[in-house]
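As a plain string of letters, each chain reads:
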Amino acid sequence: MKIDWQPLLLSLELSLITTLLLLVIGIPLAYWLVYTKLRIKPLLESIISLPLVLPPSVLGFYLLISFSPNSFLGSLLEHHFDLRLVFSFEGLVIASLIYSLPFMVHPIQSGLQHLPSSLKEASYTLGKSERETLFKVLLPNIGTSLLTGIILTFAHTMGEFGVVLLIGGNIPGETKLASIAVYEEVESMNYSAANFYATVLLILSVVILTSMFWINRKLNKRFLFI
Amino acid sequence: MIELNVKKKLFFQENSMILDIELHIKKGSFTALYGKSGAGKTTLLKILAGLVKPDNGFIIHKGEVWNETDKKIFIKPQNRNIGFLFQDYALFPNMTVKENIQFGCEEKGDKDFIHQLLKVTLLSNMANKYPTILSGGQKQRVALARALARKPQLLLLDEPFSSLDTETKLNLYDELKRIHQLFGLTTILVSHSQEEVKKLCEKVVVIADGKIVMQGTPKEVFNEEMEVEGTILEITEKDNIQTAVIDVGVETIKNTLQKVHQLKTGDKIVIRKAADTR
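Keeping their order, the protein sequence lines are chains U and Z.
Position in the first sequence counted from 1, then plus 184, gives you this note's numbering.
Position in the second sequence counted from 1, then plus 354, gives you this note's numbering.
Incorrect hints may have been included.
[Said to hold, decoys possible] Okay, derived cross-link-like pairs now, SDA-like style, lysine to any residue, Cα gap no bigger than 20 angstroms in a straight line:
1. K221/U - L364/Z
2. K312/U - D464/Z
3. K320/U - N448/Z
4. K320/U - E461/Z
5. K531/Z - G382/Z
6. K452/Z - K505/Z
7. K430/Z - E357/Z
Bear in mind the hints are in silico, worked out from the structure with no lab data behind them.
Being a predicted model, the structure only gives us computed values, none of them experimental.
The shape of chain U in the complex, shown without the other chains (with noise of 0.2 angstroms):
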C-alpha cells in the first residue's frame, strides 16, 4: 500500500497556522471581553460562541455562499487582492479561524476572570501599563488557560470535517485535509488506507490530549495559591 501523507502534512500545517493566529486574535479579544462593560459584550459572546453549537455544515454553508465569486465579499475580495477563499487554503485558514475561534477565547477569558483583580490593580499601582502587566502579570499567571487554548484549537482544526468539505472540497495538496482522505477512501472502499488514516489521527489526539493534562497538573501544582 502506497501512503500519500500529504493530506496528513497539511492538516498539521492548517491547525499550526490557525493555532498561531487564534493565539494572537484570542488575547486581546478575551482580555477585551474580561473587562469591557459595553452592553452588548452577551451579543459577541454568543456571536463567538456560536460554533459550538452550530452544525459544522451550516457555517461551511454560509461560509461557501459569502466566499463565491458571485457574492459581494467574494467578489471584492477576488477583483482587490486577487484572493480565492473558497476551494482554497487560505479559505480553509479563514473557515478554520472562525470556527475554532471559541476554543481560544474560552479558556483565555475564563482564565483571566478568575484571576484576582487585585492583581492586575497591584501593577497598576506599581506603575505600570496595561499592556505590560498583561504581559508580564496576567498571562504568565493562566498558563494553564493558554495551553489548554492552544491544545483544544489545535485538536480541533485537525479534526475539521464539515465546515472544511463544504468550503475547501477535496483537492490534493490544498484542500485534502486527513479527515477528508479518511472520507474518501471510505467512499472508494479503500478501508486499509482509511484505517491508516484514522489510526494516525487517533493517536494524535490522544497523545495530545494527555500531555495537556499533564502539563496541566505540573502547571496547576505551582500556582495553586495566589
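Fit chain Z to the given chain U structure using the hints.
Then chain Z, alone, in the frame of chain U:
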C-alpha cells in the same frame, strides 16, 4: 498634603449607599479609616489610588490635581506615585520575592535599594523563593517591600493584617511604624480593629454608611465617655439575663439589658459608653 472631597454611589446586592467624604491628610501622618465592613473605607482608599473613579469631587495631592470630575481631570494610578497594600497581598505568583520587588522599581538597576528593602523587611534569605510557599506574615512583608519599591510618598494599606495571627501582627506593627518613619511616608490605613489603630495611628477617621461620623486622635475617639444611639438587632436570654446585639452604626456591640424595660428587637436605644481605660 491631601485634600479630598468625593461622592460616589455604591451598589450592594440589596441596596445602595452614597459615599460622601471630605478629608484632609497631613504630610507625614499615619491616619486610620475606621469602621465596620461595607462602610465604604476600601472604596475610599481605591478612589485615592485611582483604582476606582468617584462620581464627582476632587483629590488634590501636594498641589497637584489627581482627580477633578468637573474638569474631567483623572490621573491614572500608574502616575500617582503611591504604594498600595492589598488585603490578599496580591503578590505575583510567577515571580520570586526579589522579582516581585524589582517589578515595582522604576529603574531595573537599582540593586542597592532592593537589597535595602529586603533587609528592612527581613526577607534577605527568602529573595529567591516563590510567594506560594511563604507564610501570611512573610507574604505581607513582601507586599510591603514591593509597595515601597517605587519610593512612594503615600502608602495606602487596605486591612493588611486582617488574616494574620496576633504575634505576627504585633511584629508587623513595629516594622510598619519603623518603615513609616524611615521613608518619611504619609500612611493611610483601613482597619476595623481598635487595637491596630491605637498601636499605629495618630489620627482616626470613623466612617459609617459612607459618611465620616467622627475624627480625632485614637484617644479622643475610642476612650472618651460618649453616648451612642443604636438599634437592637437581636435579644438572647439565658439564666434570666437578657443580652442584646446592638447596631450603633460603626460596629455592633453586645450589652446586657434590664428586663424591666421590656425591650424588643428593632427598638432604638441610647447607650452610655464608659471611659475605656485600656
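For each hint, the structure was consulted:
1. K221/U - L364/Z: 17 angstroms, holds
2. K312/U - D464/Z: 17 angstroms, holds
3. K320/U - N448/Z: Measuring from Cα to Cα gives roughly 9 angstroms; hence the hint holds.
4. K320/U - E461/Z: 16 angstroms, holds
5. K531/Z - G382/Z: Roughly 12 angstroms between the alpha carbons, so the hint for K531/Z and G382/Z holds.
6. K452/Z - K505/Z: 16 angstroms, holds
7. K430/Z - E357/Z: 17 angstroms, holds
This entry satisfies every hint, going by the numbered hints stated previously.
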